[in-house]
Amino acid sequence: MKKLFHEFLKGVIKENPTFVLVLGLCPTLAVSVSVMNGIGMGIAASFVLLGSNIIISLLKNFIPDRIRIPCFIVVIATFVTITELTMKAYSPALNRALGIYVPLIVVNCIVLGRAEAYAQKAKVINSLFDGLGMGVGFTLALILISAIREFLGTGKLMGYTPIKGFEPAFVFALPSGALLVIGLLLGFFNILKNRKI
Amino acid sequence: MRNRLIVNFSPHLHKDESVSKIMWMVVISLIPAGLAGVFIFGLNALWLIILGIVSALFTEVALQILTKRKITVLDGSAFITGLLLAYNLPAHVPFWLPIVGSVFSVAIGKQVFGGLGQNIFNPALVGRVFLMASWPKYMTAFTKPFDTVTSATPLALLKEGKLIENISWLWLSEAKPLPSGLYLDLLLGKKGGCIGEVCILALLIGAAFLFIRGYISWHIPITYVFTAGLLTYMFGAKGLLQGDWLFHILSGGLILGAFFMATDYVTSPLTRKGQIIFGIGCGIITAVIRLWGGYPEGASYAILMMNAATPIIDRYTKNRVYGIK
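If you read the sequences in order, they're chains A and B. Add 390 to a position in the first sequence, counting from 1, and you land on the number used in the numbering used here. Add 13 to a position in the second sequence, counting from 1, and you land on the number used in the numbering used here.
None of these hints come from the bench; they were simulated from the model. Watch out, some of these pointers could steer you wrong.
Claimed, not checked - Sample of chain B residues lacking proximity to chain A, with all beta carbon distances greater than 12 angstroms (derived):
#1 Lys-34
#2 Leu-48
#3 Gly-55
#4 Phe-71
#5 Ala-75
#6 Val-125
#7 Gln-131
#8 Lys-157
#9 Tyr-196
#10 Ser-230
#11 Gly-242
#12 Asp-327
To be verified - Derived pair list, reagent style DSS-like, types lysine-lysine, alpha-carbon separation capped at 25 angstroms:
#13 Lys-554(A) with Lys-150(B)
#14 Lys-251(B) with Lys-286(B)
#15 Lys-150(B) with Lys-203(B)
#16 Lys-400(A) with Lys-583(A)
#17 Lys-546(A) with Lys-150(B)
#18 Lys-404(A) with Lys-393(A)
#19 Lys-404(A) with Lys-511(A)
#20 Lys-404(A) with Lys-513(A)
#21 Lys-583(A) with Lys-81(B)
#22 Lys-150(B) with Lys-583(A)
#23 Lys-400(A) with Lys-513(A)
#24 Lys-513(A) with Lys-450(A)
Glycine included, each C-beta is placed from N, C-alpha and C at the ideal position.
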């Protein structure tokens with residue numbers, strides 16, 4: 391049990407997909423304009439990650455090694471389609487806000503990366519916790535980035551205005567602001583990591 | 014008797030110059046433009062300049078203490094960054110704008126890369142572009158000279174097509190007489206604009222000082238101004254070769270950028286050939302943005318883009334080492 395919990399925590403901190411593995415930056419840059427978008431994207435990607443990790447881990451003995459990538463993509467695309475149709479049915483506003491980036495989860499390198507690097511070699515239960523951890527890590531990273539960007543770029547947080555009279559710096563709502571925030575956060579986490587050792 | 018003969022390796026030539034001396038000389042050369050700006054726009058401009066400089070120096074010290082590096086705040090580079098950033102602001106912006114801009118310039122534009130000599134982009138321009146993208150409404154709220162009424166810059170008027178009534182440009186092609194004193198006003202700085210960019214005469218005095226002392230060479234600024242002038246002359250008006258090149262050279266941040274920002278040692282090419290390419294590139298981009306782009310002025314973006322191209326220019330214009338094929 392402890393080992394499984396460790397598997398889970400690894401994705402959140404030690405191998406955080408955004409800040410340590412630096413994977414999946416395209417959706418991170420694109421959708422982290424507001425916290426709501428960040429949470430939506432994080433949950434969608436987590437669901438796909440969890441599902442694909444479990445299925446690929448289950449099928450690992452049946453997938454021929456040479457054509458494993460197309461097989462992984464088929465499994466991932468199935469889950470992405472489920473996610474997209476569900477999102478369209480129950481929260482069309484979020485689906486509109488995330489736009490093309492929901493179907494693009496298919497090629498999100500976190501999902502494919504975990505399938506390739508972990509799920510195809512590990513036990514099902516381990517893969518489940520790995521996927522869960524990576525999903526939570528991705529979601530937390532997205533929430534952090536989008537909270538900074540939403541506050542600095544529009545002066546709001548989840549739609550509320552925390553500080554009156556704050557003049558938002560519009561650049562943080564632009565893609566260049568996303569690169570800036572992610573770069574500075576990466577540097578900050580690297581400082582933290584180096585200090586521990 | 015002491016032995017006066019010193020045996021040493023080359024180089025034997027020694028010049029009484031250092032990075033910090035050159036930096037302070039550039040500061041001196043920028044003073045006339047600042048004085049002119051304060052004279053034209055009032056004391057508020059002086060406060061903005063002081064705030065910009067103080068916060069740039071403070072950021073430099075704070076970051077060097079924080080990262081446990083040698084404190085080199087007195088070498089003048091942070092001073093210049095703060096000064097140039099304030100020169101790039103309209104005269105009546107809120108007081109926190111130069112502070113935020115200076116902090117961003119020094120922290121993100123310079124110290125993140127490792128301090129003086131390591132930055133790829135001109136720090137003051139990084140700050141300016143950041144402010145421009147963040148608070149465009151303040152950065153484009155220019156005031157009239159000797160007044161606090163808002164007015165547009167000549168280039169903005171040109172872009173909006175309002176110049177036809179105010180000052181001419183299309184008049185040239187329509188063969189109407191030019192309003193007298195337009196170029197003199199542009200030269201002396203009686204126009205809307207940023208604090209340090211308006212008085213072309215003062216900038217040219219400072220630039221002449223730098224030329225005479227040999228701190229800048231003609232290769233970047235002259236090719237820059239010439240290319241921008243040539244392109245605006247060729248394509249500036251409806252017909253070919255009818256543009257008002259003098260108007261374009263004398264307005265906006267072209268002179269400030271060409272003589273004081275594009276010539277930054279750190280972010281411009283090392284070789285003469287490279288510097289000429291750099292200047293021509295800046296001129297082309299500036300003219301393209303002014304004539305066909307969305308912004309009225311493009312000097313800052315032009316210099317930043319060519320800053321990004323500097324490493325590749327340096328690579329292709331490497332001097333041949335003597336004795337090697």
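Check the structure against each numbered hint from earlier and tell me which ones fail, lowest number first. 6, 14 and 22
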